[in-house]
Amino acid sequence: MLTEKERIKLDEEISHLPYPSAACIEALKIVQDERGWVSDQGVTDIAEHLQMSAEQVDSVATFYNLIFRKPVGRHVVLMCDSISCWVLGYEELIKHFKHKLNITWGETTSDDRFTLLPIPCLGTCDRAPAMIIDDELHRDLTIEKLDEILSTYE
Amino acid sequence: MERPLTHMIPSDGHPLNLMEYESSGGYQALKKALGMTPQAVIDIVKDSNLMGRGGAGFPTGVKWGFVPMGDDASEVKYLIANADEMEPGTFKDRVLLEGNPHQLIEGMIISAYAIQASEAIIFLRWAYKSAARRLLQAIHDASEAGFLGDNILGSGYRLKMTLHTSVGRYMCGEETGLLSALEGKRSIPRAKPPFPQISGLFGKPTIVNNVETLCCIPPIIDKGAGWFRDLSLAASGGTKLYGASGRVNKPGIYELPLGTSLREIIEVHAGGMRKGYKFRAALPGGASTDFLTEDHMDVKMDFKSVAEVGSRLGTGTIIVLDDKTCPVGFVHNLEHFFAQESCGWCTPCREGLPWVERILKSIEDGEGTEGDLDILHSHITGLGPGMTFCALAPGAMAPLNSALKYFNDDFIKHIKEKKCPYGEAYA
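Line by line, the protein sequences are chains L and Z.
Just so we're aligned, residue 1 is where the first sequence starts under my numbering, counting upward by one.
Just so we're aligned, residue 155 is where the second sequence starts under my numbering, counting upward by one.
Bear in mind the hints are in silico, worked out from the structure with no lab data behind them.
There could be a bad hint or two in this list.
What the hints assert, rightly or not - Quick look at which bits of chain L chain Z covers, simulated, 3 or more residues with Cβ under 8 Å:
1) 24-35
2) 100-108
3) 122-129
As the list claims (entries may be wrong) - Here are the in silico distance ranges between beta carbons for each label pair:
4) Glu148(L) <-> His161(Z): 31 to 39 Å
5) Thr44(L) <-> Leu387(Z): 56 to 64 Å
6) Lys145(L) <-> Asp477(Z): 48 to 56 Å
7) Pro164(Z) <-> Ile149(L): 23 to 31 Å
Using N, Cα and C, we set each Cβ at its ideal position, and we do this for glycine too.
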C-alpha cells in the first residue's frame, strides 16, 4: 500500500487530471522519491491506487530511464556519454571509476555509496565532459576534478 | 546588433526577477496583445516569418492557424512549451530557461491567447534542475502580479500555467511522444492525422512550440513583424541562438542574425579551433543532421541554405569534428544514442538501429568487413524518410549517410588495417 504521504501527494496530482492513470508517471516519481527506487511492491501499490494493472504500470516504469527498477546506491552518478562529452574524453573518466571505485556502467559500489549510470546529453556541451550526481551538475571534468568531487559525497 | 532573445540575460546568468523584467520592458507585449484580437496576434506572427526553432522549421503562425477557434471550438485547449532539450550537442534552450524565464512565460501567455488556450504547460527535461527552480518562481510571481489566472490584467482572458518535469527519454521531445508522456504513458509517437492542433493532449486542440520559438513572440508583438524579419539575413525572420561544442576555443551559445555563415560562427564567435586541432567537419544542428565539411564553410546557417547543401539547420547548435578524432567512433557514439533512445514502437527503428550500432562498433574495433558497408547503406534506405513512424530513425541516418559520403576512406582504412587508425583512445 502507498504510505499516507505518498497517497496525499498522488491524489493532489490526480485532481488536476482527467483520469487517474494519467498520473502514472507522477506516481512513479513520488514513490521513487520516497523509497529511493521502484520495487515490484511499489509497482503494485501504484497500480491499485490508479486502477491499472501492475503490468501496465511496469510498462511505463521500464520505459523511462530515470525510474529505477533496481536498488541504487546513496548517490547516483549520471555521466553523460553523448557526443560532445565523448569528443572531450568522458571514457577516461569511466576508466577512472573502474580503477578507483571498481564499478562501471550499471554497477553500485559494495558500500552502497555510488551507482554509476550513463545518461544522454545533459545539454551543457560547452563545458564537457559533464555529469550529474543526485541533484547537482558538475562540468569541465578532469580526473583530478572527479576525485575531488567524489570525495565530497559520503 | 540587436539581440532580442538574450539582451535581458545578465552576464552572471542570474535571471531578472519580475520587477526587473518589467522595468526592462517586460510584459509590455502581453498588454499590447491583450488589446488585440487573437487573429490579429496570429497574423503578426505569420507576417514575421518566424519558423519553429525546435529543429523542423515549420512556420509558427501557420501552425497556430490550424487550431479550431470560435464558439464551436473546445473550451479546453493546450499550449505547451517543449523544453525537453535532448538532442545531443544542443544546449540553447537551457540558456533561455535559466537566463530569462519571464520572457518564455510572457511568450507563452501571448501564444496561448492567440489560440485561446485554457492551459499552458512547460514540459521540462529533468536534467535542467536550476531552470525548474527559476521557472517555478517566475510562474508564481507572474500569477501574483495578475499575468496568469482567471482574469489576466482585466481582459477577461484566463490561463493556468504548470511545470511538468520529465523522467528521461529522447522521444519526449517529439511532439506526439511528448503528449503521450504528459498523459502518463510510454512516450511513443502517434499517427498523424489527426494533428495535435485538432486532437492533441487528452484529445483536445494542442499547440507544442519550442522554447526559443516562444521567446521570440514578445519582441515580435512589441516591435512588429517587419522589424523581426529585418533582423535576419535570410528569408525567414529573426535572430537565432547558434552554438558550438567540441574542440573550439570558445564553446558556447551566440545570438546572431539568422543566416550567419558557418565560417563566422566557428572562426569568430566560437574562437576557431583549439591549438593543435584542425576543423574537419561539423553537424550543423544536433546529432540528427548531416555533416557539413570545409567546403561548406560559407553556407548561410538558415533553414533553406543548409537544406540546399544536403543537411538541416536543426537546432543550430554545431558539433565540431576535429582532425584528431575518429569519424567512425564519432558516428558510433551517435548511433549508440539513437539505438538506445528508439522507443521500440516500430520495427525498422527498433531492430535496425542496434544493428547499425553493432556494425559500427565492429568496424571501429578493427573487426569490420567491406560487406558491412553495404549493410549500413541498406539501413540508410530502410530507415529513411517515410519508412518509420516518426523522424527518429531518418534523423539517425543523416550523420551516418553523410559520414559514409565524406569519410569513406576512414571506414575503408579501419577495415583494411583491422584497427582504428586514430589510436587506442578511440578504439
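Checklist entry - Per the coverage rule (Cβ-Cβ under 8 Å, at least three residues), is the region 100-108 of chain L covered by chain Z? => result With 0 residues closer than 8 Å to chain Z, the region 100-108 of chain L misses the three-residue bar; violated.
Item to check | Range agreement (Cβ of Leu387(Z) with Cβ of Thr44(L), hint 56 to 64 Å) | outcome: 59 Å, holds
Checklist entry - Okay, Lys145(L) versus Asp477(Z) on CB: inside 48 to 56 Å? => result Taking Cβ atoms as reference, Lys145(L) and Asp477(Z) lie about 27 Å apart, which means the hint is violated.
Item to check | Three-residue Cβ test at 8 Å for the coverage of the region 24-35 of chain L by chain Z | outcome: holds (count 5)
Item to check | Distance restraint evaluation - Glu148(L), His161(Z), Cβ atoms, bounds 31 to 39 Å | outcome: 37 Å, holds
Next on the checklist: Taking 8 Å as the Cβ threshold, is the statement that the region 122-129 of chain L is covered by chain Z upheld or broken by the three-residue rule?
Outcome noted: holds (count 7)
Next on the checklist: Between the beta carbons of Pro164(Z) and Ile149(L), is the distance compatible with 23 to 31 Å?
Outcome noted: Since the Cβ atoms of Pro164(Z) and Ile149(L) sit about 27 Å apart, the hinted range of 23 to 31 Å holds.
Consistency note: the structure conflicts with the earlier hints numbered 2, 6.
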